[in-house]
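Participant: Residue numbers (my numbering), protein chains in the order written: chain A, 919 to 1146; chain B, 919 to 1146; chain C, 919 to 1146; chain D, 919 to 1146; chain E, 919 to 1146; chain F, 919 to 1146.
One or more of the hints may lead you astray.
Note that the list lumps identical chains together, so a pair holds whenever it fits in one copy or between two copies.
[Unchecked claim] Okay, derived cross-link-like pairs now, DSS-like style, lysine-lysine, Cα gap no bigger than 30 angstroms in a straight line:
hint : residue 1 : residue 2
1    : K984      : K1114
2    : K983      : K1104
3    : K957      : K983
4    : K927      : K957
Don't read these hints as lab results, they were simulated from the structure.
There are 6 protein chains.
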Amino acid sequence: MMVILDPIKDERGIFEKEVRGYISAHYPGDSFEVLTLKKGPTSIGNFTQKTLACSGVLELLDELKKASAVVINCFADPCLFELRENLDVPVFGAGETTMHMASLLGEFSVVGPGDNLISWTRMQAREYGVFDKLVSVRRIEIPVEGILKGEGGLYAETKRACREAIEDGADVIVLGCTGFAGIAEKLSREIWDEFKIPVLEPLLTTYAVARSLQPFLKHGKRGLFSGR
Amino acid sequence: MMVILDPIKDERGIFEKEVRGYISAHYPGDSFEVLTLKKGPTSIGNFTQKTLACSGVLELLDELKKASAVVINCFADPCLFELRENLDVPVFGAGETTMHMASLLGEFSVVGPGDNLISWTRMQAREYGVFDKLVSVRRIEIPVEGILKGEGGLYAETKRACREAIEDGADVIVLGCTGFAGIAEKLSREIWDEFKIPVLEPLLTTYAVARSLQPFLKHGKRGLFSGR
Amino acid sequence: MMVILDPIKDERGIFEKEVRGYISAHYPGDSFEVLTLKKGPTSIGNFTQKTLACSGVLELLDELKKASAVVINCFADPCLFELRENLDVPVFGAGETTMHMASLLGEFSVVGPGDNLISWTRMQAREYGVFDKLVSVRRIEIPVEGILKGEGGLYAETKRACREAIEDGADVIVLGCTGFAGIAEKLSREIWDEFKIPVLEPLLTTYAVARSLQPFLKHGKRGLFSGR
Amino acid sequence: MMVILDPIKDERGIFEKEVRGYISAHYPGDSFEVLTLKKGPTSIGNFTQKTLACSGVLELLDELKKASAVVINCFADPCLFELRENLDVPVFGAGETTMHMASLLGEFSVVGPGDNLISWTRMQAREYGVFDKLVSVRRIEIPVEGILKGEGGLYAETKRACREAIEDGADVIVLGCTGFAGIAEKLSREIWDEFKIPVLEPLLTTYAVARSLQPFLKHGKRGLFSGR
Amino acid sequence: MMVILDPIKDERGIFEKEVRGYISAHYPGDSFEVLTLKKGPTSIGNFTQKTLACSGVLELLDELKKASAVVINCFADPCLFELRENLDVPVFGAGETTMHMASLLGEFSVVGPGDNLISWTRMQAREYGVFDKLVSVRRIEIPVEGILKGEGGLYAETKRACREAIEDGADVIVLGCTGFAGIAEKLSREIWDEFKIPVLEPLLTTYAVARSLQPFLKHGKRGLFSGR
Amino acid sequence: MMVILDPIKDERGIFEKEVRGYISAHYPGDSFEVLTLKKGPTSIGNFTQKTLACSGVLELLDELKKASAVVINCFADPCLFELRENLDVPVFGAGETTMHMASLLGEFSVVGPGDNLISWTRMQAREYGVFDKLVSVRRIEIPVEGILKGEGGLYAETKRACREAIEDGADVIVLGCTGFAGIAEKLSREIWDEFKIPVLEPLLTTYAVARSLQPFLKHGKRGLFSGR
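Build the full structure now, drawing on both the sequences and the hints.
Facilitator: Structure, rendered in structure tokens:
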């Protein structure tokens, strides 16, 4: 069974439910599991939280080893390489997967939250090897926590940033946080109608890639993933 | 219905049959169509043949417009951007898609045929934005035509080139021609058993991505694909 | 004899005449031929038209084989690699040649038409290996067809875009369409007078390079140009 | 006081003693502290160990907050960005710092252990922005654990790899593991005498940079390090 | 003894005095020498002045050979490679060293004077291998000479440019001229207080690196520095 | 009149005569001047000699100001940017021009002399913006001085290095020193006959570009060349 890993502590079981509903709405027949952390941060907005999230994930290895594939539901891709080292099944990070899928559609811009968005996105793009496809990074003035809480004004602010990215020359827009899932469908439709520019929501994009590739894709046990 | 486009003239209907059998063996329940050219080259080993192939493809636009997605079964990706301009459905080139999927697995090397392999692969990698992930390009001493004919020695020669690529430091190997489909399964298994390095056969990789993403992926009508 | 290839259908013989006059005005004694297509698009603003243009060009191979060198009069460089594969004489694309000549003068920006200008220029710059010299791409709000028709406002709009490019830090400006030939001389003079920044018109630049290099330059028959 | 952080569990107190002796031999008067982990891996050869090491480091934050600067004694730079987010003093990773110092001396090659050395080094070089200075990566056939144990043959094997790197064109060699400290002085002297090529041992290089810059260098609280 | 080389003609002994005071204020106990040119330009704002400065420097080789290390007090790094070829001690250019130190702190922008600032900085960043870390270049509207004379408005204008760089996404700002030493302390403090972004003044940064590394760093006599 | 600048001291008038004969043999009717230095090094194999050569060149400014264009006859391009700052006519460096012309023909390798060849060529390729087109650098075991003296074995050794470059995948070979002029014609013919790979001799290539472009090419007075 495929596992969607929500690498945060989900105290009231909210995120698990949301993720389950979101994926099921798009892939009704699919059977999958949503895992959240017993121990870890409640959102991921910096490297410290990313590492603490990964520590929490590594405590779930026994459960994860039953998965047929893992999707990491966070644009920062916590534990991406660590899980590849420990599992024999393919592991897909929402950030890495979506940046590569966006590259299939053209030159891309990332729209997202956080003071550190520009640096972090540039580093991710270099790390993943797609730096030359990155047209620009456009920041919204609402923090990660605000996105998760569905703060008022999120839709308008995100749309404004998308327009800037389009002005910069982007062929495709990547939403740089999986917290945008709630507004992605409407945003994607409106941006498409006005500009004919696709907007990629990272969780759905990554899930779609993963569900199809899991039967035959293997990560090598050398190279990045050679820990054994 | 999804269309696998084999962008060569298939005089005796051989390739169509092979492609159909190959995909069905991996995805038994799938329903798809295989299109070959009425007019065009019988193999694609240079830019002239690539362009002539695309001219032939453009004459099939009416049929292609009925597709729900298109997979181009050639590593050179003939007509990739042209089809995107003319169709409202996603179009996946075997070269571009496989290079990006390989990038998800690590630093990659390309193994393939042709005097022009190194130049062409470097140019493709730059064009697709993954140049920094390309560890090396290793050439086999058998031409494209020899691959399509299943020439003796192909397996051994390809395996030798894979070993060189692994020596160069590749985490994953990309077969740089869809003609390798016949030997890919055995090669992939043996390289995996010996080195734990995945070998990606481009047609299967691309088909797998396409079949999953087709429900929701749209190419923008601006940027590269804005011809209208 | 050198051939200037205008890779579009020139129904009323207008473009041939314009090209002939333009080059002769700058190189009065020169003897050259201007070829246009019998079959093909009437302008080139996307990949489909580029490929159709190349198909038309490949039907002229017999005539082109008599050339001592070929200049392709279109910034998109249709048939550049294809002609190199089929001819024993040097072939110069207006886009590739001008971007490299601009690189000799400094960091450059491209000014041109088309919704797809930014993507296409970025891809060309990557393909040709000069991505790191590209400072910016600035779009004019007039389409290719408008340029070819000499639409009112073209001069002012292009000058505005040049000013933006200079503000971005360009040492030299490349006009990203050979249709600018009509306004290039005035524009180039005025931008020079005001900013001391050169503006390169691609046809003249490429012709100048080609006429001199043709006696001794050979394209290799391996690598990109090894189709035989 | 400056802290040298040895981000591994040092069960018998061996590493702490070695590090202390090594630095004191080169900077006799210096006063510094060596911290090792209470909980964590005993060596760092993959991403999982790197993350577990960082988790262990984050439990030492109270002690680290008393430091005037932190040097991370591991080429993989575990906890580099995480510590920057949590401390107000400069944090220097042995990998990042040494790659940048090597860049000051010319084009560099990395010599080190591990099946994943090539991938990991390429990723680090891209992440740190010095990919274009990396001439080659040369692997020794002895694992990290063998280095830490001072395995026989380490010196000869490392020298062989250095010769390969010099053949590749390196102006300077970076030892890609802080475990080389024991053989670095002799190796560095012999390579210098024979080739006039410097060999950088990462711990000493990084300590030297850190001890001098600590009085005035501050990491920004935005960008990569903006977690608050 | 360490030498700070001010590679300009210092007719009234002003710069020597300023440099001496500036460094002594930060490193009170330090003993060092400041060398200026007997023959050469009085400021360095282009390549010609840079070369003439280096010619003047090469006449001081006998004096420079007594140095234990050399710091070149100019962001353009005149004579950097030439001195490395002629001296057995480490040579640090203010531009190269500061760009690499900035890279240790994050993605950086350069703020400085001169019509040629953007080109020159891009070329330096490519030459030094840190092009991918360069977020933007922001120009002040006061020429080098104005900076050296302490022209009115310099502080406000530089601060304005710093704000633009921060808006572009810089994690750290590099002042692209050693003439900013006079305003750097205040500027650095105010930018830090407002944005928590470090501002690096190149002379102080480079001196700090050099004073610590001189005991053990050697430049190779091959590669860039192999003139003998 | 066009000036070919041989930026070395030519004590016995040998080089001037050789250059004159070489160019006249290829362009019999051409009228041009060959300038050598009154003061300067007798060969250019490092940065110090490059700078000293430029100092010598700058003393010839009065003579150079009469030129209609300048070709710098040295692959290291001494005084390239300095002359652009001081002259109103185009200036062509043999290294920069030939690398860009080679880029028009495909992916290129450089074959040349000198311990510092790899570093220097990488730096030039980055500086000129064509790093991504550089396939490899292959060194001959004969120093610059040996080339200038026509040392025995030069032909065989250079041909060996060309074969290595072709093995590396080069589409075109650039001879990385203008001292190869004496053997270039035979070498170029033989490599062409055997491999169909062009070999570019930098002086002839650059002269050919310059003689044609001089009527209309202007360097901007801003950007790199804005010293006034």
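Participant: Could you place K984 and K1114 in one of the four classes (within, between, both, neither) given a Cα distance threshold of 30 angstroms?
Facilitator: between (41 angstroms within a copy, 21 angstroms between copies)
Participant: If the cut is 30 angstroms between Cα atoms, do K927 and K957 qualify within a copy, between copies, both or neither?
Facilitator: Both, since 6 angstroms and 22 angstroms are each at most 30 angstroms.
Participant: Using 30 angstroms as the alpha carbon limit, work out where K983 and K1104 are close: within a copy, between copies, both or neither.
Facilitator: Classified as between: cross-chain Cα gap 27 angstroms, same-chain 36 angstroms, threshold 30 angstroms.
Participant: Cα distance capped at 30 angstroms. Does K957 pair with K983 within a copy, between copies, both, or neither?
Facilitator: For K957 and K983, the Cα distance is within 30 angstroms both inside one copy (19 angstroms) and across copies (24 angstroms).
The structure agrees with every numbered hint stated previously.
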